[in-house]
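**Student:** Residues per chain, in single letters:
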Amino acid sequence: MWNFFKQLASPPHFYRLAATIIPWLAVPGLLLIAYGAYAGLFLAPEDYQQGDAYRIIYVHVPAAYLSMMAYMFMALGGAIGLVWRMKLAHAVGAAAAPLGAAFTFLALVTGSIWGRPMWGTWWEWGDPRLTSELILLFLYFGYMALRSAIDDTAKADKASAVLALVGVVNVVVVHFSVEWWSSLHQGQTLFKKGGPGMDAEMLYPLIAMIVGFTLVFGALLARRIRTEVLHRERRTRWVREMILSPAGGR
Amino acid sequence: MKPRQQRMLAVGLAALGIAIAASLTLRAFKDNMMFFIDISVVVAGDHPTERTFRIGGLVVDGSVERREGSLEMSFRVTDLKCELGVRYTGVLPDLFREGQGVVAHGSMADDGVFVADKILAKHDENYMAPEVAASLAKHVEDQTASLQDGAAECGSI
Amino acid sequence: MDAMTMGNYGVYVWSSFGLTFAVIILSDWRSRIHHNRIYRDIEVRIKALEERQ
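Protein chains in written order, with this note's numbering: chain A, 1 to 250; chain B, 1001 to 1157; chain C, 2001 to 2053.
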């Protein structure tokens, strides 16, 4: 088991393995998204209160979930990198940040587009769910700015890992904000007590979207880690040999 | 831009981001970190008097009254313990309806009615087709009734 | 046509879906360009070194 991880964490091995894995994540992911989007937009019935406006859930929930998932990759990568001095772990953190920022942006904007007709407002300052998600976006920006500010990769890895770990508090706040405090945002639908608060015809497309987005996220993350690894290892022998080999290694 | 200037800009942006994050946190989580105040708290008189605040609750069935030909309206809000009258003039969100959650921003008037300058609708975490909702309506009514039977008296927070 | 207008919510629903897919595709496209540029830079440097030797 340990050897398996050690081998996985070796940059050349991961670089080659990721190239093989990416289509296996992307193709099923895109198929699930195609089904989920079609069924969510056209097959699922309208909601008894919200009419068709609730269909925004099919992009809003996967984006919001991945905005937190990406952060956990970033923080976990930072922690593993700090404790075990594993180079690949820091590369995972650096690769996850721009993806996390993109999904956080999407969660905020699709939520705002949903809030306008339903709640009656694009944005409410002071709402704990909305505000903590916005802070999440600023944490991603801070992480990326910190990385680009430090030229020395090893130093940048350490400093940004510390920042990522401190910011985990906020992910916890995002998740529990609707339970701890009063909020305009409704509570958990999928994992609430007594099962999901959703009809099956609405629920299956949502699950397909969540799983599909996660797989595509995995593919996007794997590609960004490869780029990160290639850049970090640019002066190593394996990169030189790979590039000079007839097959190359793009 | 020179590399040094780029670094300065990046550090500045990082500092700015953290400052904004911190101030937003403080702003969001003051007032005991509550977005709105429960009706019972307001009825008990335990609400801010010097400034505006938000209340949250359910719109009482049959309590919505509209003035003909204007945007003036009034309704009552409940937290299943206490009830409070609300006056409002303006456009309502699509989801505003009797029996549903509502958040109102405003202040208390001298006559004991909450005067709102903004009404937001809250929706719950349940999603279902209209037909399913109709067949469930009976069950929900029973549930609300039993909730109201078991609810504490107004005044005991 | 009903499926498009969605009881006047079409504009909200379609813009949410459109934006989401646009951002994901754009992010993927940019990361591909970034990867290829890094690869080419290394390739140029290594090939130049090879020729000198």
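No lab work stands behind these hints: they were computed from the structure. Ideal Cβ placement from N, Cα and C applies to all residues, glycine included. Some hints here could point you the wrong way.
[Unchecked claim] Estimated spans, in silico, between C-beta atoms of each pair:
(1) B/G1062 with A/V166: 48 to 58 Å
(2) C/I2038 with A/M72: 19 to 29 Å
(3) A/Q188 with C/A2003: 23 to 33 Å
(4) C/E2043 with A/A154: 17 to 27 Å
**Student:** For each hint, tell me whether it holds in the structure or not.
**Tutor:** Against the structure, the hints:
Our hint of 48 to 58 Å for B/G1062 and A/V166 holds, since their Cβ atoms are close to 51 Å apart. Taking the beta carbon of each, C/I2038 and A/M72 are about 26 Å apart, inside 19 to 29 Å as hinted. Remark: the range hint 23 to 33 Å for A/Q188 to C/A2003 is upheld by a beta-carbon distance near 29 Å. Take C/E2043 and A/A154: their Cβ atoms lie about 25 Å apart, and the range 17 to 27 Å holds.
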